[in-house]
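J.: So the chains spell out like this:
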Amino acid sequence: MSSHAPAVEGAQHTDPSTHNAGTTKLFLTVWVWLLILTGVEVFLAYLRLPPMIMLTILVGLSLIKSVLIVAYFMHLRFEKIGLFLTLIPATVFCICVMMIMFFPDSVRLMDMRPH
Amino acid sequence: MWLFIVSDTLTFTALLVSYAYVRLANPDWPRPFEIWPAIAKSSAMTLILLSSSLTMVLGVAAANRGDRKATLRYLMWTMFFGAAFVVIHATEWYTLIVVEKVTPWSNPWGAPLFGASFFGITGLHMTHVTIGVVYLAVIAWGFGKDKFSAIDVEVSGLYWHFVDLVWMFVFPMLYLMSVDLTKH
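Sequences listed follow chains A and B, in order. FYI, the numbering used here numbers position 75 of the first sequence as 75, with every residue one higher than the one before it. FYI, the numbering used here numbers position 83 of the second sequence as 83, with every residue one higher than the one before it.
Bound conformation, chain A alone:
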C-alpha cells in the first residue's frame, strides 16, 4: 500500500487533515467500476456454468470489488503501511485456513455422491 503517499507521510492517525486523500472524481470512478463489476456478475449468473466454476468466478469478482471498497472508500490505500500490515495479512491467513479446512471435504463429499 502507499505509505509513500505525500498526503499521509509522517502524519498521526488521529489527525483529520491526513484523511483528505481521494477526490470526488476518484470516488465516482470507483463507484462506476463497482457498478460495472456488479453488472458483469449479473450477466454471468445467466450463463449455464457448473456451480463450482460459477462460484469461483463470482467470488473472484467480489474480491476485486472488496479490494476497491477497502482501498478507496475505507481509505486503506492512503493509510500508513503499518495499518495495512496489521490488518490484512492476519485476516487473509485466517480466511485461507477456513478455505483449506472446508473446501477439500466439500469436493470430496461431492465425489462420494452416488451417481
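Stretches of chain B that chain A covers, calculated by requiring three or more beta carbons in the stretch to come under 8 Å of a beta carbon on chain A: (1) 1-13; (2) 18-26; (3) 33-46; (4) 56-64; (5) 161-169.
From the structure, some residues in chain A lie toward chain B, with a derived Cβ separation under 8 Å: (6) Tyr46; (7) Met54; (8) Ser66; (9) Ile69; (10) Leu87; (11) Phe102.
These aren't lab readings, by the way, just hints derived from the structure by calculation. Quick reminder that beta carbons are idealized off the backbone N, C-alpha and C, glycines included.
Since the structure of chain A is already known, use the hints to place chain B on it.
T.: For chain B alone, kept in the frame of chain A given last:
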C-alpha cells in the same frame, strides 16, 4: 473499528464458506430467483448500497474539510439509502415467507438448508444495515451539535463501507448462484 471489522469479516466469512460448502454439496439446491422480482430487487439493493457508500465517502471528505452542512446532507442521503435497502429487503423476505412458504427448515423447491442459509446470512447482514442507519443517525446528530468530530464520522464510515463490502459477497453467492435458469 478496524479490529471490529476484522472480527466481523471472519464471522461473515465463516457463514459464507459454510454456505458455499452446502451449496456445492447439494445437487438439488433450489434456484427460485427469477429476474422479476428477486434479481431485479437484489440488483437494485446492490445499486442502493453502493450509492450509499459513495455518499458516505463524500460525507467523510466533507467532514474532513470542515463543511458541516455538506457532511450532514451526505449522511442523510446515506441513511436514506440504508433505510431503502432494509425496506426492499423486508419485502423480499415477506414474499419468501408468506407467499412462497419458505422457512429456515423447509421450502417447496429442494434442499431444506436453503431457507436457513438465506435467512441466516441475509438476516445478519440486514441487522448490520439497520444498526448502521441508527449509528449514522447518532453520529449525524452529534456532528451537527458539535459533540462529535470528523474522526467520528470517518469511523462510522468504516463501519458503513464494511456493510457494503459484505453485501458484495452476499448478493452473488446467495442470489446469483440461485437464479432460475429454466426460462432462459
